[in-house]
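Chemist: Make a model of the complete structure from these sequences and hints.
Protein chains: 2
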Amino acid sequence: MNKAGKTSPVRDISAVRALTFDVFGTVVDWRSSIIRECSVLGKSKGVEADWEKFADSWRGGYAPAMNMVRTGELPWMSIDSLHRTVLERLLDEYGIEGLSESEKDYLNRAWHRLKPWPDSVEGIERIRKRFIAATLSNGNISLLVDMAKHSGITWDCVLSSELSGHYKPDREVYLTAAGLLGLEPGSVMMVAAHTDDLLAAQALGFKTAFVSRPLEFGPSGRAEEPEGMPFDITARDFLDLADKLGA
Amino acid sequence: MNKAGKTSPVRDISAVRALTFDVFGTVVDWRSSIIRECSVLGKSKGVEADWEKFADSWRGGYAPAMNMVRTGELPWMSIDSLHRTVLERLLDEYGIEGLSESEKDYLNRAWHRLKPWPDSVEGIERIRKRFIAATLSNGNISLLVDMAKHSGITWDCVLSSELSGHYKPDREVYLTAAGLLGLEPGSVMMVAAHTDDLLAAQALGFKTAFVSRPLEFGPSGRAEEPEGMPFDITARDFLDLADKLGA
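So the sequences go chain by chain: A and B. Take the first sequence: its letters are residues 1 to 247, numbered as in the numbering used here. Take the second sequence: its letters are residues 1 to 247, numbered as in the numbering used here.
Treat the hints as calculated values from the structure; they're not laboratory data. If you're wondering where the values come from, they're calculated on a predicted model, not measured in any experiment. Ideal Cβ placement from N, Cα and C applies to all residues, glycine included. Possibly wrong hints are sitting among the right ones.
[Said to hold, decoys possible] Output of the computed footprint for chain A on chain B, the stretches with three or more beta carbons under 8 Å from beta carbons of chain A:
{"id": "1", "region": "141-149"}
{"id": "2", "region": "158-170"}
{"id": "3", "region": "181-187"}
Modeler: Quick look at the structure:
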């Protein structure tokens, strides 16, 4: 805290060389994408369901499974596998039958085809002109590569929890990423719409940027608010983030 | 061998989804780049030397050190570290003194600033429109990321030996890469100007493309010839490779 005790300290981000981006919710709008893909499939198969709830349950279901991997109750499983496990349970719960293996696989890969928020492509492009821009997602590498190609996003490097055999917010994920980039944590800025991700990175010395994604959980969902949080940058979107980085 | 016994069999590459590129010598012209950087530094420090020989010795020196890592005589060391070890020895041999730590570090990072062959950027751009294009280099990730940014090359994914803790041509390197891309080996094509790299990949089921780089070892050096080798594609350069891939 500075002498005045109330104004925020000026945060020095001059050492930052690379930004690592959380992806689900921060770069891409997983919810609308999943709802759309499920609706299209449902229509073609003559299945009616509350696809909004289905999408929320699919997303919600993977955290407990991921935590079992984090605590060692489950061996390492990629997000693709975790998504598939949850999908099988949901299809059962919703009584959706008659999907072939390739239809299920295609549906599971909806997570490879998530659409970016409207500012993501342009914002990342601007940021890449001055910084290294990498993913740092719990999504597996192949998912992230497919998603980037599908959405027209270009990354300098695709980094994933998969490379450390741990899931965020485990410290190994962040430290492995900084190590692979050849940088000290203080030269890397974590970008996310989620405070737990940023606080975990910050505790290891990363710089942090919170980006608001008020619609991540839908119009009536509760997105996170950064108020009172000790992040280096708080931005409305990626264009605002680029402005604040001078990029 | 087909019935005629002489004509090459038609090779089916329809399963290929991703290409993994060797980098040093295949994508970038390490020799001219290193000679140029050494000459510039030499001039600024008033040092004269045979920089062509220096460059060849620098490149030549890393293979024995890398093999000591491969056989377990040395613990894992990145190419940056191996390059630095060889550099220290060469500076000593050439009696080049008076370089500060930051000057040595800058010189060692000349390998992060290697220039692409004239067709590399355009060729990779064309190939990326139809396929996933990734590095698969013994260079460490940060070196490959810096090099791509420096040279204007865009990769879908930066993969490195570093991710398996082994160096090419160890099988772990190729299998780790295919695994991270979520593909069977037969859906990945290794691209290189070096037969040992391609033969190692091919033995694991990868498809292979040999690209000629006659000047890799300089005008009087001996580049490899693919004649009689069982590769799926043999190309003059990356534009020819793109043509042959229909990209």
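Chemist: The structure should be examined with respect to each hint, and the outcome stated for every one.
Modeler: Structure-based check of each hint:
1. Here the region 141-149 of chain B counts 6 residues with a CB under 8 Å from a CB of chain A, which clears the bar of 3, and the coverage holds.
2. For the region 158-170 of chain B, the proposed coverage by chain A is satisfied: 3 residues have a C-beta within less than 8 Å of a C-beta in that chain, meeting the threshold of three.
3. With a cut-off of 8 Å between beta carbons, the region 181-187 of chain B has 3 residues touching chain A; three or more are needed, and the interface restraint holds.
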